[in-house]
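Asks: Chains A, B and C, in that order, give the protein sequences. Mapping the first sequence onto the numbering used here, position 66 (from 1) lands on 66, and the numbers just tick up by one. If you want the numbering used here, it's the 1-based position in the second sequence plus 102. If you want the numbering used here, it's the 1-based position in the third sequence plus 219.
Calculated directly from the structure, the hints in this document are not laboratory data. These figures come from a predicted structure and were not determined experimentally. From the three backbone atoms N, C-alpha and C, an ideal C-beta is built for every residue, glycine too. Hints are not guaranteed to be accurate.
To be verified - Looking from chain B toward chain C, a few residues come up when the C-beta cut is under 8 Å (computed):
no.	residue
1	147
2	185
3	187
4	188
5	190
6	191
7	192
8	195
9	198
10	199
11	201
12	202
As the list claims (entries may be wrong) - Once the Cα atoms are required to be at most 20 Å apart in a straight line, the calculated SDA-like pairs of lysine to any residue come out as:
no.	chain 1	residue 1	chain 2	residue 2
13	A	46	B	211
14	B	215	A	88
15	B	115	A	60
As the list claims (entries may be wrong) - Partial list, computed: chain C residues near chain B (C-beta under 8 Å):
no.	residue
16	221
17	222
18	232
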Amino acid sequence: MNGIDPISIGSAGISPSPLKLGGAEKAAEGEDFAKLVEGLIKDVDKAQRSADSSIKGLTTGETTNIQDVVTKLEEADVAFQLMKEVRNKLLDAYKEVMSQST
Amino acid sequence: MIGTDYTSELISKMMHLSVRRQELLANNLANLNTPGYTRRDLNFAGALGDAVRKDDLNALRQLNPEVTMDKSGSVRLDGNNVNAASEMNEMTQNGTLHALLAKAYSTRQRILKSAIR
Amino acid sequence: MSIELIPGAGTISSGLDAEQTRLRLCSANIANAHATNKDASNTYRRQVVAFESVLKAQYEEGDSRHFGGVRVSQISRDQSPLRQLHDPGHPDADPKTGMVTLPNVNPLTEMVDMMTASRGYESGLAAFRISKQMAEKTISMGSGNA
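Work out the full structure: start from the sequences and follow the hints.
Replies: Put into structure tokens, the structure is as follows:
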């Protein structure tokens with residue numbers, strides 16, 4: 001599978017580590033989550049920028065490669081939808097936890 | 103204006119120009135057998151590229167490339183230099199460019215809409 | 220201005236143009252198959268077309284992107300001997316020998332040439348259509364109907 005990168009979810013990634021409980025771990029967990037969201041947003045931004053630059057390349061005549069432009073556009077779309085879904089799921093989880101605690 | 107950015111404007115400008123060019127190409131094909139006709143073309147790639155490289159939104163908005171007389175290509179005995187095959191090729195290429203731009207625009211708008219929702 | 224979004228389309232259209240020239244010359248040859256002239260040396264001679272492949276300016280070895288297609292390099296006259304026919308009643312017949320000089324056009328050869336040219340034209344059209352479909356499919360990629 002040369003040349004095909006899997007769409008990565010943030011530089012931090014989602015590690016399937018078991019949930020650790022304990023006061024000492026809490027700060028680290030919070031940082032990871034922030035990193036995850038930040039990474040996601042950065043990736044979406046990067047994908048959109050590269051889609052934009054491929055459209056610009058089309059106007060300046062630097063690129064005449066339509067598959068390149070379409071692939072980048074779709075990547076930007078998928079990256080954004082993924083980020084949105086992750087955010088929705090996290091919000092749902094947060095709401096559920098909040099409703100349990102009351 | 104809310105909801106537009108540089109790339110969106112660039113796409114819509116290019117779509118607009120490619121539609122104008124399509125009209126010219128159709129006109130060339132219609133005059134395939136007009137004696138003494140010189141083919142016309144709209145060369146927007148150069149001026150558009152310059153505006154994009156400068157990142158100048160105003161230059162992009164005001165861009166209005168002129169119709170040029172294209173004297174290249176072999177002139178037939180009747181003084182006409184329209185070639186049906188190459189004209190069809192240009193039309194198809196131009197149509198593809200338009201379709202690609204339409205796709206780019208709709209993808210961008212889809213992302214924007216789902217961000218609003 | 221020329222954009223190359225559809226790979227190979229420009230090359231194909233140059234081929235279509237070349238084949239069209241060939242077809243036109245075949246019809247001219249057939250039309251003139253029996254054209255005679257008072258001056259036998261001015262009798263119509265069959266026109267032959269020669270193609271040559273076009274390379275783009277920045278041609279690099281093994282780089283297929285720089286093949287620019289085909290063009291008509293020259294249209295020449297077939298120098299093979301003209302046909303002679305004994306027909307003393309013909310207005311263009313030689314008054315001494317009664318021989319008429321006819322063009323060196325063989326209608327059968329021309330018909331075969333015409334068929335080859337028209338097949339070439341058709342395959343060019345098919346190739347163009349496929350290139351266009353490829354571009355269309357690429358653009359509709361990811362839209363759910365590709």
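Asks: Evaluate each hint against the coordinates.
Replies: Verification of the hints:
| no. | hint | result |
| --- | --- | --- |
| 1 | 147 | holds, 6 Å |
| 2 | 185 | holds, 6 Å |
| 3 | 187 | holds, 4 Å |
| 4 | 188 | holds, 5 Å |
| 5 | 190 | holds, 7 Å |
| 6 | 191 | holds, 4 Å |
| 7 | 192 | holds, 7 Å |
| 8 | 195 | holds, 5 Å |
| 9 | 198 | holds, 5 Å |
| 10 | 199 | holds, 6 Å |
| 11 | 201 | holds, 5 Å |
| 12 | 202 | holds, 5 Å |
| 13 | 46(A) / 211(B) | holds, 17 Å |
| 14 | 215(B) / 88(A) | holds, 16 Å |
| 15 | 115(B) / 60(A) | holds, 13 Å |
| 16 | 221 | holds, 7 Å |
| 17 | 222 | holds, 5 Å |
| 18 | 232 | holds, 4 Å |
Of the numbered hints listed earlier, not one is contradicted by the structure.
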